[in-house]
Amino acid sequence: MAARPELMDYDKALEMFEPVVGFEVHVELSTATKMFSDAPNEFGGEPNTNITPVDLGLPGSLPVVNGQAVKYAISLGLALGCSIAPTSRFARKNYFYPDLAKNYQISQSDEPIAFEGSVEVEMPDGTLFTVPVERAHMEEDAGKLTHVGGSTGRIQGAEYSLVDYNRAGVPLVEIVTHPIIGAEALAPELGAAYVETIRDIVRGLGISEARMERGNLRCDANISLRPRGQEKLGTRTETKNVNSFRAVERAIRYEIQRQAAILAKGGTITQETRHWHEDTGRTSAGRPKSDADDYRYFPEPDLLPVEPSLELIQELRAALPESPAVMRRRLKAQWGFTDLEFQDVKNAGLLTEIVETVAAGSTPASARKWWTGEIARLANAAEVDASSLVEPSQLAELIALIDSGELTDRLARQVLEGVIAGEGTPAEVVEKRGLKVVSDDGALIAAIDEALASQPDVLEKIRDGKVQAAGAVIGAVMKAMKGQADAARVRELVLERAQA
Amino acid sequence: MTDLIHLSAADLASKLQSREVSSVEATKAHLDRIAGVDGDVHAFLHVNAGALATAKSIDERRAAGETLGELAGVPIAVKDVLCTIGMPSTSGSKILEGWIPPYDATAVAKVRAAGLVPLGKTNMDEFAMGSSTEFSAYGPTHNPWNLDRIPGGSGGGSAAAVAAFEAPLALGSDTGGSIRQPGAVTGTVGVKPTYGSVSRYGAIALASSLDQIGPVSRTVLDSALLHDVIKGHDPRDSTSLRDEWPSFADAARAGLAPGSLQGVKVGIVRELNGDGFQAGVKARFADAVALLTAAGAEIVEVSAPSFEYAISAYYLILPAEASSNLAKFDSVRFGLRVTPEGGGTVEQVMAATREQGFGPEVKRRIILGTYALSAGYYDAYYGSAQKVRTLVQRDFSRLFDEVDVLISPSAPTTAFPIGEKIDDPLAMYLNDLTTIPANLAGIPGLSLPMGLADEDGLPTGIQLMAPAREDARLYTYGAALEQLFESTWGHTLISKAPSLSVSEQSAATEGVV
Amino acid sequence: MSEITREQVEHLAGLARIALTPDEIDKLTGELGHIVDSIAKVSEVANADVPATSHPIPLSNVFRDDVVGETLTQEQALAGAPEHDGTRFKVSAILGEEQ
Ligand SMILES: [Mg+2]
Ligand SMILES: [Zn+2]
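Those protein sequences? They're chains A, B and C, same order as listed. Going by our numbering, the first residue of the first sequence is number 232, and it counts up by one from there. Going by our numbering, the first residue of the second sequence is number 952, and it counts up by one from there. Going by our numbering, the first residue of the third sequence is number 2, and it counts up by one from there.
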């Protein structure tokens, strides 16, 4: 690994340079089949099983467009405020790489299905920032390479590589922004908020799982700096492998600091792809862009133009869900959160989680409490997005167990840990770990009797009006029950006892 | 029994239907013929070991009273460009040597479903790039009329197999004339259907927007019967047409009725009968025009100025598409792998494999196509070529407003000696001058025997072209003209082909011949 | 005369991943020059007002229903592979990175 690059202080970098960012976000569509073949759109299973001759690029095989993917792409284009092209076309992007079965990617080059739109992104302070979208186009994913030998599965130093084509041909929509100017010091936060907004839009449309940690949503961040007062854009780098909202934010901040240090010394930025390393919090140089990047695009002769009718576009437009901005306004009113509470939830990127938890039966207040409290704390500690830890439906189940009195908050936190550790559903974790609240009064009374035996004056004190004396007994009972008792019920029973 | 091999597919089919002969007998007769002559002709790359078993099962189904297709039990040869379960499919290239696909091309699946009996795979120029079959990685095919001459290409194997009576029918593919030009130089019949009439699924792609699968036979009716089997919409090929096609066999039979050429407007394309054409070809074409006139056809000379540019456009579009289509041959998922001495990165392995696995013409066209698509040249070359394509289509559509059918010689020359043009790519490319415009426009074309050239006694062919989707016209007028020729000559052309010396070896029933 | 140079042919061979020998490069440089000279005339008639034709028979909106069909078995998928590890295709070390 190269020597640690010099970084400029962030505030100083912003004083000297204006950051310009841009994003290429790939969204994996959740269709039943692939973009150009009728193989199941699934991967992660047994390698090289979800494939047809088309996905393997076997001689003689031919692609056929998935009509559902086209509809999803149009819906997404409309949700991004784009115009839908009366005619769009697939093209071949030619380059050799072993994960690319045909050694060309079928993509849309100069005739994308959707073009020129914009996305309203809410910044952490609640202000709106308009991100200009250049295009959204359809394409296919590549297979998956595993590098064997050398260090830790990296491509460098590997002895050989293995290819699984299950992911080859998975339908993607790539959303490309224009260069985004004006975010200034908040460019990193804008990046995270933009990607989160895209996630909310595609989840709202129901066209993708949109889980960054699973690669359903992938972001390449383009970053360049230009000296204050200069018109011409600087040379940009394209950072790949940013797999969470916080990584987007960190990677942009890092690149701004790294590029500023180089430029301030009179150096030049190399136009290249860079890789984000979550562990070190740095980017490393990848492939330089050069004249060798001649993709020899030409119209895909095996496919025909896509010419959606106005009726279809109208139909899909009418079926669009509300935009994230409108949805936020509605949710804030429905949930009854204070401005601060709502902003916290939003900034933590947890709106969708709370929506889904509420949809699964929880109250907004308890959903908020758990997502912004315990789950956010665990996510922070693990340096991952909270949404990656637990499914909203699982949290709702946990909350239901608390509401029915079967779990205390304290027990629930232990159950949550078990769920995150993959031990099963909340009910299963309760069962396996034996974490149920002791709701049998007989067992509680026996424990109370035992505690009273060693503190005989307590009942007397209570009768004298010193109710706080019950605390010692409650504490002893809770301890005896290993915390699996409802403290409120124990208190009730102790007081009943004093009345007797 | 040897007479079985001289029957047309239609006549053999009726003998099979009447159970006068069995499919096993017919198939065995052809396998014997292959064993006897293919050592000299080299039409086959692989002979189907399961052919007799397939024939037997057809006979059994017929005996059980099952209703079978019209051609059930008739043997057929399959160009090696088509994927076949159970038989290697190499497209004439070393890079695919021994590759057995896990699926059948749709045309092959239809042929099997109709009860035809695949005899084996036929030789071809590597990846169908060529006009002589000399660019096959497995050695050239020899023209049955003169074994020192080329059989045309790229489908020289299919044409020679039919001309040498090794099969009554064959499947071919035609990207710029690869069915029609071999037909012309071997005295046989071949049809390039309307683009999209026959599925391309499972045909190893050369140039996707030009390729079309079609029938090869010794009579027009036989091609029509085979076209009827393989035509129709295929959801696996996006460019496949949804049209309801008429019976092409009925169309061919209609052509045999008296007066079927009366009043038909026939256009002679000036640009497709020029100075570079062999004298004997021009003489036979003039005879054909005279015959048509005598039969009541109305002949007009027409001009298609864009055709002057067609061959140039073709040699940009084809290599461009081919350079991309052939990128999949990279040694990762199938086919040859060549590792440089001392190992190498995957990039080096791919480059070494493609260096050794591809022949000279394939490399030439891949490099040319890569050039035509590369940054800075696209507009001048590929972009312009696609505009020429528009002009060619406009010329055709203007001409077909005036005439019912266009005619030209199928090829500018008769079969040339093996080796004569192998080092002169430009001369080789000119062989397809007459056939290329139909591919650029997607229209159907048919070649049928036109007589022997005086100077060398070798076959010439006449090409008929019709508007897109009007393949039936080709069969009607083609069958009429074929009948006219044969009644004038007093025999079929193929009956004048030299009888090949049959070697004494017994029937080869499997393996590479 | 054509502008095709030896360096250009080398570059094209790199793009096309063919390890041409020096002799082949020399030969192709000459041949390609001749071929390009003879076909470059397409640009003479390709005026701006002529639209490009990429498909011989115009069609559009050819789509497939989103319904799962038959897949290859792992055995079928690997059957033609020069090298595999039983479940995946095996290739030697990769120099470049994905695009
Ligand atoms: Mg990109
Ligand atoms: Zn992309």
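If you are wondering where the hints come from, they were derived from the structure by calculation, not from laboratory data. Do not take every clue at face value.
[What the hints assert, rightly or not] Okay, derived cross-link-like pairs now, DMTMM-like style, lysine to aspartate or glutamate, Cα gap no bigger than 25 Å in a straight line:
#1 C/K91 - C/E76
#2 C/K91 - B/D1330
#3 C/K28 - B/D1226
#4 A/K375 - C/D27
#5 B/K1372 - C/E32
#6 A/K496 - A/E249
#7 B/K1372 - C/D27
#8 A/K302 - C/E71
#9 C/K28 - B/D1375
#10 B/K1372 - C/D38
#11 A/K520 - B/D1330
#12 A/K463 - A/D431
#13 C/K42 - B/D1355
#14 C/K28 - B/E1312
#15 C/K42 - B/D1374
Note that the structure is predicted; figures quoted are calculated from it, not measured.
How the hints compare with the structure:
no., hint, in the structure
1, C/K91 - C/E76, "holds, 15 Å"
2, C/K91 - B/D1330, "violated, 39 Å"
3, C/K28 - B/D1226, "violated, 30 Å"
4, A/K375 - C/D27, "violated, 39 Å"
5, B/K1372 - C/E32, "holds, 14 Å"
6, A/K496 - A/E249, "holds, 16 Å"
7, B/K1372 - C/D27, "holds, 20 Å"
8, A/K302 - C/E71, "holds, 24 Å"
9, C/K28 - B/D1375, "holds, 12 Å"
10, B/K1372 - C/D38, "holds, 19 Å"
11, A/K520 - B/D1330, "holds, 23 Å"
12, A/K463 - A/D431, "violated, 34 Å"
13, C/K42 - B/D1355, "violated, 31 Å"
14, C/K28 - B/E1312, "holds, 12 Å"
15, C/K42 - B/D1374, "holds, 23 Å"
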